[in-house]
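K.L.:
One line per chain: the protein sequences are A and B, in this order. When the letters of the first sequence are read in order and numbered with this note's numbering, they come out as residues 22 to 392. When the letters of the second sequence are read in order and numbered with this note's numbering, they come out as residues 22 to 392.
Calculated directly from the structure, the hints in this document are not laboratory data. If you're wondering where the values come from, they're calculated on a predicted model, not measured in any experiment. Possibly wrong hints are sitting among the right ones.
Each pair may be met inside one copy or between any two copies, as identical chains are not told apart.
Here are the simulated DSSO-like pairs of lysine-lysine, each with C-alpha atoms no more than 30 Å apart in a straight line [to be verified]:
id	residue 1	residue 2
1	Lys-343	Lys-377
2	Lys-361	Lys-343
3	Lys-361	Lys-246
4	Lys-246	Lys-159
5	Lys-361	Lys-377
6	Lys-242	Lys-159
Chain residues, written in single-letter form:
Protein chains: 2
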Amino acid sequence: MTTYGDLSIVPRTLLGPGPSDVHPRVLQALAYPPVGHLDPQFLNLMNEVQELLRFVFQTENSLTIPVSGTGTAGMEAAFANFVEPGDSVLIGVNGYFSERMVDMAGRYGAVVRRLERPWGEVFTPEEIEDALRAQPAKLVALVHAETSTGALQPLAEIAGIVHRYGSLLLADCVTSLGGLPVQIDAWDVDIAYSGTQKCIGAPPGLAPLTIGPRAREALEKRTTKVPNWYLDLTTVAQYWGAARTYHHTAPINMNYALREALRMIQEEGLEARFARHQAHAELLWAGLEEMDIGLHVEPQYRLPTLTTVRVPAGVDEMAVRKTLLERYNVEIGGGLGALKGQVWRVGLMGYSSQQKNVTLLLAALREILGR
Amino acid sequence: MTTYGDLSIVPRTLLGPGPSDVHPRVLQALAYPPVGHLDPQFLNLMNEVQELLRFVFQTENSLTIPVSGTGTAGMEAAFANFVEPGDSVLIGVNGYFSERMVDMAGRYGAVVRRLERPWGEVFTPEEIEDALRAQPAKLVALVHAETSTGALQPLAEIAGIVHRYGSLLLADCVTSLGGLPVQIDAWDVDIAYSGTQKCIGAPPGLAPLTIGPRAREALEKRTTKVPNWYLDLTTVAQYWGAARTYHHTAPINMNYALREALRMIQEEGLEARFARHQAHAELLWAGLEEMDIGLHVEPQYRLPTLTTVRVPAGVDEMAVRKTLLERYNVEIGGGLGALKGQVWRVGLMGYSSQQKNVTLLLAALREILGR
Chain A
22 MTTYGDLSIV
32 PRTLLGPGPS
42 DVHPRVLQAL
52 AYPPVGHLDP
62 QFLNLMNEVQ
72 ELLRFVFQTE
82 NSLTIPVSGT
92 GTAGMEAAFA
102 NFVEPGDSVL
112 IGVNGYFSER
122 MVDMAGRYGA
132 VVRRLERPWG
142 EVFTPEEIED
152 ALRAQPAKLV
162 ALVHAETSTG
172 ALQPLAEIAG
182 IVHRYGSLLL
192 ADCVTSLGGL
202 PVQIDAWDVD
212 IAYSGTQKCI
222 GAPPGLAPLT
232 IGPRAREALE
242 KRTTKVPNWY
252 LDLTTVAQYW
262 GAARTYHHTA
272 PINMNYALRE
282 ALRMIQEEGL
292 EARFARHQAH
302 AELLWAGLEE
312 MDIGLHVEPQ
322 YRLPTLTTVR
332 VPAGVDEMAV
342 RKTLLERYNV
352 EIGGGLGALK
362 GQVWRVGLMG
372 YSSQQKNVTL
382 LLAALREILG
392 R
Chain B
22 MTTYGDLSIV
32 PRTLLGPGPS
42 DVHPRVLQAL
52 AYPPVGHLDP
62 QFLNLMNEVQ
72 ELLRFVFQTE
82 NSLTIPVSGT
92 GTAGMEAAFA
102 NFVEPGDSVL
112 IGVNGYFSER
122 MVDMAGRYGA
132 VVRRLERPWG
142 EVFTPEEIED
152 ALRAQPAKLV
162 ALVHAETSTG
172 ALQPLAEIAG
182 IVHRYGSLLL
192 ADCVTSLGGL
202 PVQIDAWDVD
212 IAYSGTQKCI
222 GAPPGLAPLT
232 IGPRAREALE
242 KRTTKVPNWY
252 LDLTTVAQYW
262 GAARTYHHTA
272 PINMNYALRE
282 ALRMIQEEGL
292 EARFARHQAH
302 AELLWAGLEE
312 MDIGLHVEPQ
322 YRLPTLTTVR
332 VPAGVDEMAV
342 RKTLLERYNV
352 EIGGGLGALK
362 GQVWRVGLMG
372 YSSQQKNVTL
382 LLAALREILG
392 R
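So that you can see chain A by itself, here it is in the shape it has in the complex:
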């Protein structure tokens, strides 16, 4: 059979929708020899990871853990645990990942109601209230930071409304956590998840998840078993809680890496980190404007972490991405779903959010586009 050589990969600068670049300190932690998942040293590290995740989520929720899969496993854990067959779920659909929520919730037997907005726009508190007044729901699901559109959905006011109508609020924070404010307790979000490979600055492989008191109560009141063994929070919580009951083997090395990435967030400080993401995004936006290239999302709802850039008329968007990758070793993303072919997606997240990356990308685009 074929024999294979040493791992040989040309490093890239990752400025797409994720994964983002990973700091050498995090890669070094990743490569530390594993210990057992019940080793007291690992149990101690789990406590630290949980404490640090609470810090980044800005929450006191005891059930705050890294789910053993990538971001989508976080979404799956959210729907698997909080939907029972026949439950009514209201989903704000304005992008690729909210469409994924619709599909996923349906698989768990939810009666899904779609509230729709064009891709790149967000929902007003009034729209959510009108929808709940018309018909109640057990769960309202929104994407805080839509990776497919670059739009930022404000949540604080909506959370109050959702609770007034007796619903739980579930938020997808995959492209926000660690890059812009995610205030689980202050906003009163019940269920939120993210991924490690975007603004957190670790490789892909874990999905931070936090569950608030109302949601825990709902979990305890389930009348059916969670139809997903691997992601069943009623049992996973016993491994991450005081009992430390074996559930499944945790991805040990990914937890080493996550701890280091979270520690770097703590060192930088949340406010400074958010300001850095905002400043580099604004540099990018100004540079694109100078080149007369438009942005897809209105300024007031524009994500600092992921920018959807309108492909200028007459430009072959795929050829530009190919040139960026092959000649410059820079990755940016193409459009997904409704925005396919219409936008590029530029991520400035975690360690990728650096002045030098903005300068490089703008200069490379100028060379390629001749602007």
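On the provided structure of chain A, position chain B as indicated by the hints.
P.N.:
Okay, now just chain B, sitting in the frame of chain A:
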């Protein structure tokens, strides 16, 4: 809030039921900077990982992939995709992980029939045939290598019987793949999964899975959507197949590590690797016998990768494990479920299967037990 120091973990020698020690080459590959999950370099690496997995599984199955989770995610993928509500599933229950199968299959709506054997024993082809003759089943599930008991379930003859009765054969190979023969095609197993952290020699985080032609046909004939979005093989297969359609972000770095671990298996050769595992297991067994310590499983069904050691009368099994860990930095496992308190579990898997580890463990046990 608390601040946290550098990652500071005392390395262990991992001789428990997994994770096992990881070779420095694999850890080095793990720490290589990530590229995007649609980068042509990563797509090429995915092809290599699949080829190498087919080599280790001894199969031509095109749908042979690493599932994005630890070993239990492999089990979950197997049941989520091949069970529809009302399907009859026959499970051979003779240990902790076959009990897990029962729980999991039930969550997917299976009508589960238990065929039981004491923990540490295995099923004869006749028993399987009698059970299927009495009542057919869509799926027969067995654990090839029971991590909780140390027993090895022969599969070749059973596969023929299972197919004669029109059923699919599902095998848990978590503690066998890469450490002893797993011949998917020669034995004609339809669905098999494993974990990366045992005999494969990589950290935990991926679950190798292979699906044969009969099972693929069954998948295509499903009348309901797979009730698990993250592990839905009908869509995951499109990312791992020619289309390369984005499904979820793959754990990039874990795939680097898996490639390197599989490459090392190829370099060593399967036969040589199995012989190494067998030889070190026999050394361990002989050494324990010399100390007058018994083994739980009959020689003809004894796993070379995981040995269940009977705790001698009057010995505090937990104190021995604690001393091994704290004084010698050696990890072994305790008993699970029905064998709790009665056995130690000693794994000699992957990079942990070395002469020096056998010698060390026997010597340490002699010191601790005074034998």
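K.L.:
For each hint given before, does the structure comply? Return the numbers of the non-compliant ones in rising order.
P.N.:
Of the numbered hints given earlier, the structure breaks none, since each of them holds.
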